[in-house]
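Peer 1: As a plain string of letters, each chain reads:
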Amino acid sequence: MTLDEALSAQARAHFGAGARVEALVPLAGGASRELYGFDVVAGAERHAMVLRRDPPGLEEPEGRRGELAALRAAHAHAVPVATPHWLSDDGTGIVMQRLEGEAIPRRLLRDERYATARGRLVDEVARAAAAVHALAPPAELPAPADAPAPAAIAALEAQLDETGEPHPALELGLRWLRAHLPAAREPVLVHGDLRLGNLMVDEGGLVALLDWELCHAGDGAEDLAWACLRSWRFGNDERPALGLGTREQLLDAYAQAGGRRVTPGELRFWEVLGNVRWGVICVVQARRRTLEHLAIGRRACEPEWDLLGLVA
Amino acid sequence: MQDRPDAHELLDALAGWLAGELAPRLPREERFGVRVAANVATIVGRELGPDAPGEPAERERMERLLALAGQPAGGDDDARALQRRVADAIRAGRLDGHWAEALALLRESVRDKLAVARPGYDSFEEPAG
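First to last, the sequence lines map onto chains A and B.
For the first sequence, the numbering used here assigns the number 1 to the initial residue and increments by one for each residue that follows.
For the second sequence, the numbering used here assigns the number 1 to the initial residue and increments by one for each residue that follows.
Just so you know, the hints here were simulated from the structure itself, not pulled from any lab data.
Some hints could be false.
With the Cβ distance kept under 8 Å, some of the chain B side facing chain A (calculated, not the full set) [as the list claims (entries may be wrong)]: (1) Arg107; (2) Ser109; (3) Tyr121.
If you want the ones that stay clear, here's a sample from chain A, every Cβ over 12 Å from chain B, calculated [unchecked claim]: (4) Pro80; (5) Leu87; (6) Glu112; (7) Ala115; (8) Arg175; (9) Leu181; (10) Gly265; (11) Val284.
All figures in this text were calculated on a predicted structure; none of them were measured in a lab.
By construction, the Cβ of each residue, glycine as well, lies at the ideal position given by its N, Cα and C atoms.
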């Protein structure tokens, strides 16, 4: 069955026997997922959709089920996200609303048309993050083995060990994390990849949080810290929060939006962890033998440099 | 022994051609892959060039770290094997009492990687705690 036929069958199951799929096209996705755009035409209505799916050979139906559950919970609680529609029949993709807007960081940071949005994004993302973190992790996500911080450290050590490659700087980061554990917290739903490149934005500001594939049960401070990593400031090194604002601005906006008062020390802990995680991702990605993934392997030294500054 | 041009000169030229001549002629959605290819050629060119940091410096740093950890290196391990021993020593807490020295040596290690993969990245430092 072709993708068009599969989606048509799914569209009929969700929109009725008369529904049909039009204008199916591959879209530029990311390094980790395939993306297709299409319309479902049902009677007089036309629904703009995307399918985000695992690339061949890297299917993760468990992960997609958890991601869809998280998207549905977020959508039901007024978090700005694309309306989730259905899990593809083979379980490897999610069909959701196709949104209009811009998600390319360099345009968002430089183009004049996004000047107003730039002024609002730190506050709006803080508010959206607080809304996500008010949610309990859906049952479809794996239950953490431990409190969020020690569970995250153990997972990173295991991933690093699996690669069999030595990375002393990442180990120093992990060692620092073990010595600076924050107070144990009840896990909440965490987006897991909150950064400028995963926001849909228009001239008025935030449209939606995209790319929920790394969502998990964790500590909300994790998302705030991830949004501050230097690797996605795109040259705005002096503006840690999304490449746009200060750490204080992000933490204040988050608390004002009903999030808990995250201390600078907690944020630092999760920034170090985020840098270790990004370093481990670089190391792991390089084991996929495409040019793009191999090239990412040589980026591990960037978060290594940044974390060595943070633990000094 | 090969004639000139050297490997790094050839790779610089390849990177320049990919990014400067090929990419602009391609449709937008195909340019990303070509830019990645150009960047890879640039990185390998630096790695093979006259200014590339060498393995002896990394060996020496790892040997100093192992000495601090109280586990002096033998003579015949290569740099990767020494990094393995240092990584294990850090995880086991054997460098906890030498934090500042360990940090300084690892910063030099990372600087050498950045000099090839991302020159200039070390001109900015995240604020210390």
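Peer 1: Can you give the numbers of the hints that this structure goes against, from lowest to highest?
Peer 2: 8 and 10
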